[in-house]
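All chains should be modelled from the sequences, with the hints used to inform the complete structure.
4 protein chains.
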Amino acid sequence: MPTVSSNSYGKSRIRLVKVVRRGDRHDLKDLTVNVRLEGEFDSAFVEGDNRLLLPTDTLKNTVYVMARSRPFDEIEEFGLALCRYFLAEHRQLSRARIEVHQRLWNRVPVGAKLQGHAFSSAPEGRTAVITSNGERVAVVAGLENLPVLKTSGATFEGFLRDTLTTLRPDRERILSTTLSARWTYLKPEVTFGSYWQGVRQALLETFVQHESRSLHHTLFAMADVVLSSYEEIGEVTISLPSSHHQLADLSPFGLENPDEIFVATDEPYALIEATVTRD
Amino acid sequence: MPTVSSNSYGKSRIRLVKVVRRGDRHDLKDLTVNVRLEGEFDSAFVEGDNRLLLPTDTLKNTVYVMARSRPFDEIEEFGLALCRYFLAEHRQLSRARIEVHQRLWNRVPVGAKLQGHAFSSAPEGRTAVITSNGERVAVVAGLENLPVLKTSGATFEGFLRDTLTTLRPDRERILSTTLSARWTYLKPEVTFGSYWQGVRQALLETFVQHESRSLHHTLFAMADVVLSSYEEIGEVTISLPSSHHQLADLSPFGLENPDEIFVATDEPYALIEATVTRD
Amino acid sequence: MPTVSSNSYGKSRIRLVKVVRRGDRHDLKDLTVNVRLEGEFDSAFVEGDNRLLLPTDTLKNTVYVMARSRPFDEIEEFGLALCRYFLAEHRQLSRARIEVHQRLWNRVPVGAKLQGHAFSSAPEGRTAVITSNGERVAVVAGLENLPVLKTSGATFEGFLRDTLTTLRPDRERILSTTLSARWTYLKPEVTFGSYWQGVRQALLETFVQHESRSLHHTLFAMADVVLSSYEEIGEVTISLPSSHHQLADLSPFGLENPDEIFVATDEPYALIEATVTRD
Amino acid sequence: MPTVSSNSYGKSRIRLVKVVRRGDRHDLKDLTVNVRLEGEFDSAFVEGDNRLLLPTDTLKNTVYVMARSRPFDEIEEFGLALCRYFLAEHRQLSRARIEVHQRLWNRVPVGAKLQGHAFSSAPEGRTAVITSNGERVAVVAGLENLPVLKTSGATFEGFLRDTLTTLRPDRERILSTTLSARWTYLKPEVTFGSYWQGVRQALLETFVQHESRSLHHTLFAMADVVLSSYEEIGEVTISLPSSHHQLADLSPFGLENPDEIFVATDEPYALIEATVTRD
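Residue numbers (our numbering), protein chains in the order written: chain A, 2 to 280; chain B, 2 to 280; chain C, 2 to 280; chain D, 2 to 280.
I should point out that these hints are in silico values taken from the structure, not numbers from a laboratory.
Predicted model, so just to flag it, every value in this text is computed and none were measured.
Glycine is no exception: its CB is placed at the ideal position from the N, C-alpha and C atoms.
It is possible that some hints are incorrect.
[As the list claims (entries may be wrong)] Far from chain A, by Cβ distances over 12 Å, these chain C residues were calculated:
| # | residue |
| --- | --- |
| 1 | R23 |
| 2 | D25 |
| 3 | P110 |
| 4 | Q116 |
| 5 | R137 |
| 6 | L248 |
| 7 | A271 |
[Stated by the list, open to error] Think about it this way: if two alpha-carbon atoms lie no more than 25 Å apart in a straight line, the pair counts; the simulated SDA-like pairs of lysine to any residue are:
| # | chain 1 | residue 1 | chain 2 | residue 2 |
| --- | --- | --- | --- | --- |
| 8 | D | K19 | C | D260 |
| 9 | A | K188 | A | D74 |
| 10 | D | K188 | D | E78 |
| 11 | C | K114 | C | H27 |
| 12 | D | K188 | A | S6 |
| 13 | A | K114 | B | G199 |
| 14 | A | K19 | B | R172 |
| 15 | C | K19 | B | T167 |
| 16 | A | K19 | D | A271 |
| 17 | A | K19 | B | T266 |
| 18 | B | K19 | B | R71 |
| 19 | C | K114 | D | L147 |
| 20 | A | K19 | D | T166 |
| 21 | C | K114 | D | Q198 |
| 22 | B | K19 | A | P124 |
| 23 | D | K19 | D | S195 |
| 24 | A | K19 | B | E261 |
| 25 | C | K114 | D | L105 |
| 26 | C | K188 | B | P3 |
| 27 | C | K188 | C | T132 |
What follows is the structure, given as structure tokens:
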């Protein structure tokens, strides 16, 4: 008889919007929550015995009920509360994983004044992934899908060449990526909101100011600044997909093209990912 | 023998990035261009005679060559130049239509200083559609896909009820939409960049400040402000798709939910579109 | 005061699945419906007077109620019934437009036997657009997003060359497109299901068998066969987006590439669209 | 100084189409390849020293060159060849991972005859992931995104209820999922093509014929059949995302709805994943 060597189940894309009204100033949280549960469900798999199986519909209910009954300010806190709840209520579970994606809405300015009730959305998202086995809890915060581009301060030279290498060294390349990062807090007790803002700013400023010799080089510099600035963070994982801007070849038409007109492409794209850990 | 009663052909999604370097300050244009041509191509259709057919590959070449050889500041100017070029060079054409989608990149601030060479992208896009038959030229500028949301200042009451109506009047609804608009200039000669910024701000501020009785009501108010503010604009078309934020029903769990926890949905969604014209 | 020169509103992406069980054989319809209504809604736009405005939520209810209360076999019939209903019940409307997208599910074979209750989905979709102003009704059926590709039987030669043309004639090109077509019935009374199957087969077989000199040429041949075969069809509109398969340049590596290895690209792509009408 | 605890880089979405012509019968392979490499790249990360870094552009070149110079029939063979090549040529690498997604094109029938040169695409894809550290090689084949639905033969009853459970038992539910699976060969030497066809058919037939008490139950049954039928397969991982078809509530309109009219939704959705291993 085959064995279930790993399993998880849950509900994905539970969409929750929370509005807190303090007079004319409203706070808006726009979340998409994924709940994943693990446990000993052999009888469900093998025999179709559902007696230990909590319906995924109940997971959805739980997210909405918890959002109402336990006030939270930051998505990490919400994830922690959900994790604790599932593991406390349901002893058949060995592990819970709560993933929260927050769509970020900024207040709209009218004249110089930020409005209390009106928002437009930012391109990037904020994430939190909370996992627990009942004893240990991991809090991983993240930034996802922030499109950034620099037109200076990036080279790619001196690389390895083999017989199939045709790329020419580039002394001034357009570096374009959609930045995603996640980082692990050593203890689940920091002021999550201000840390997130700080890490986002550190990542972005380092991308901008670093004299890049490669995506590897930039990635490490970004991670290094985060770990240097925030000792409560134990490791950082950064993902840099990067599509190429290719100089348009206008020579058939008798035109020079001194780094001005580029063909943007989406595929293929380079992808570099690394985890950098505090020693 | 059947007749070709209408036809067009062209190249879509020509992706062009233009970088202009003025010392440390770089300007970035990130464009996707669609070229559509119309003309008398009966022999190509019926007989497979290609002698009047300019390859779509050439349309692509033309976009890159024109971007290099004719400097432009605004996408409307680029579209106008392309339209003129195709109609002047190719007498078999009866009409040219150039559609430009501009991805907007904002300079990244480091400290208080905006960087000259580093950008992050905005969620919304800017568009221009230029059409010409050789005699008359239409310039339609646009804003696309700006996500906005307000948590106050919107009601929906007093509407028509038939036997299938179950919706209840709403005195405080979340109004959420992804704003797209396009507007026609009476003459193709305005300062396109500053007009675009002004119209964008007018649309956004009106969405925020208008006391909305319906999406129809808001749409008209937005169009009205644009036409009142800019007499060079002849008409405005606005599209407001709006998905519903539904109050989560927590009564099965003994909880009240005073306009706080909502279920966001993407479908179905309401869609209202109208063109408002200067008298 | 500006004028509302055109307007429409409605509900989009109403998702409806209908299951009819005849013993062990079940029939499945998987539909996405868009309802668009037009009328004289000046008071709603200008004054926020909602008294003539039927909520879009009611449009959604109507779709589900009609699906239950009026049996239908084909999506054209369903669209016709919805059109009639809205225009009969609501005199403030000047025009109704019902758009139905049907996801196609094929019965799964087990052994040689098609199952009565199990389905896998086809890539392409079937569409119907019904419009009516109360007096005249137009029934437009369609096929959308059928990916097809041929590796022989297509050339592109003898085309127009201008100073920016670099494309070389191609005597054997890969023709790859995602076929979409729609056609108008002269009377809204045919056996829609069998016509749809026939037109689909005619379009596909013509694409395959036609000796193509260009996309224009193929498009016309496809439309011509449909109009010749079905005299109840008055016109056909076909859309052929076509992305390029570019021969990989392996010469830097000392390799020939005799029409074997291609780089597929999604953008830019050629797009040709035409409407062919019965004389 | 922080440490790079894990890293990978490579090129993603390399799009390759291979056409082999044997007289009138052409074979078509439509592949998207992702190359991921791991190794000791500390100097690249920390110091920006690129001397061991093979450009991702070269990875792309390699894919096209290998496709031309080493004939292959199945994607697993192609992945194996690429893995071997990278590890043999580049000693700085500790691990290579080649992921191939194959878009499946079926021959089009004209009359009763399958055409040799014309194809339409299937909805599902075929995948292969080959990983190697130079000593051990893992070959994981897969099926991705096959939409299937059954209207009978599935219940969900007798499940666990807690205080937040409102779901009612269902004795006849619509089971709808987009099936993805991957399986590991114990030795990388089977006839990959016929195994893939066999596993696909086993998964599909089991989904159809199994009397399902839950998604867990169905998933295990599917894995069990694969492991029983193919002793060269060591484990199977199956992923079953399942969105809900909710019976439309027509009671406000005085209508019954005996399992006929459903509202389809895409989110939230249930997701169950498990790996089943041969004992």
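Status of each hint after checking the structure:
1. Remark: the non-interface label on C/R23 is consistent with the geometry, its nearest Cβ contact in chain A lying 28 Å away (cut-off 12 Å).
2. Every Cβ of chain A is farther than 12 Å from the Cβ of C/D25; the closest lies at roughly 22 Å, confirming the non-interface assignment.
3. Against the 12 Å criterion, C/P110 stays outside the reach of chain A, whose nearest CB is about 26 Å from its own CB.
4. At roughly 21 Å, the least C-beta separation between C/Q116 and chain A is larger than 12 Å, which holds for a residue marked as non-interface.
5. For C/R137, the shortest C-beta to C-beta distance to chain A comes to about 42 Å, beyond the 12 Å cut-off, and the non-interface label holds.
6. Residue-level check passed: C/L248 sits 16 Å from the nearest beta carbon of chain A, beyond 12 Å.
7. Interface exclusion of C/A271 from chain A stands, the closest Cβ pair being 17 Å apart, more than 12 Å.
8. Using a Cα cut-off of 25 Å, the hinted pair D/K19 and C/D260 holds, with the two alpha carbons roughly 9 Å apart.
9. Using a Cα cut-off of 25 Å, the hinted pair A/K188 and A/D74 holds, with the two alpha carbons roughly 18 Å apart.
10. Of the supplied pair hints, the one linking D/K188 and D/E78 holds, its CA atoms being roughly 13 Å apart against a limit of 25 Å.
11. Using a Cα cut-off of 25 Å, the hinted pair C/K114 and C/H27 holds, with the two alpha carbons roughly 15 Å apart.
12. Between D/K188 and A/S6 the CA atoms are separated by roughly 20 Å; this keeps the pair inside 25 Å, and the hint holds.
13. This hinted pair checks out: A/K114 and B/G199 have alpha carbons roughly 17 Å apart, not beyond 25 Å.
14. Restraint check for A/K19 and B/R172: the C-alpha separation of about 18 Å stays at or below 25 Å, so the hint holds.
15. A distance of roughly 22 Å separates the Cα atoms of C/K19 and B/T167; the hinted pair therefore holds under the 25 Å criterion.
16. A threshold of 25 Å between alpha carbons decides the hint, and for A/K19 with D/A271 the separation of about 23 Å falls inside it, so the pair holds.
17. Under the criterion of a C-alpha separation no larger than 25 Å, the hint pairing A/K19 with B/T266 is consistent with the structure, at around 14 Å.
18. Annotation: proposed proximity of B/K19 to B/R71 holds, straight-line Cα distance about 12 Å (limit 25 Å).
19. Proposed proximity of C/K114 and D/L147 is supported: the alpha carbons are some 20 Å apart, at most 25 Å.
20. The hinted pair formed by A/K19 and D/T166 meets the criterion: a straight-line CA distance of about 22 Å does not exceed 25 Å.
21. With a C-alpha separation of about 18 Å, the suggested pairing of C/K114 with D/Q198 holds against the 25 Å cut-off.
22. A hinted pair counts as satisfied when its Cα atoms are at most 25 Å apart, and B/K19 with A/P124 qualifies at roughly 22 Å.
23. Taken as a hint, the D/K19 and D/S195 pair is honoured in the structure, with Cα atoms around 20 Å apart against an allowance of 25 Å.
24. Proposed proximity of A/K19 and B/E261 is supported: the alpha carbons are some 5 Å apart, at most 25 Å.
25. The hinted pair formed by C/K114 and D/L105 meets the criterion: a straight-line CA distance of about 23 Å does not exceed 25 Å.
26. Taken as a hint, the C/K188 and B/P3 pair is honoured in the structure, with Cα atoms around 19 Å apart against an allowance of 25 Å.
27. Distance restraint check for C/K188 and C/T132: the Cα-Cα separation of roughly 13 Å lies within the 25 Å cut-off, and the hinted pair is therefore satisfied.
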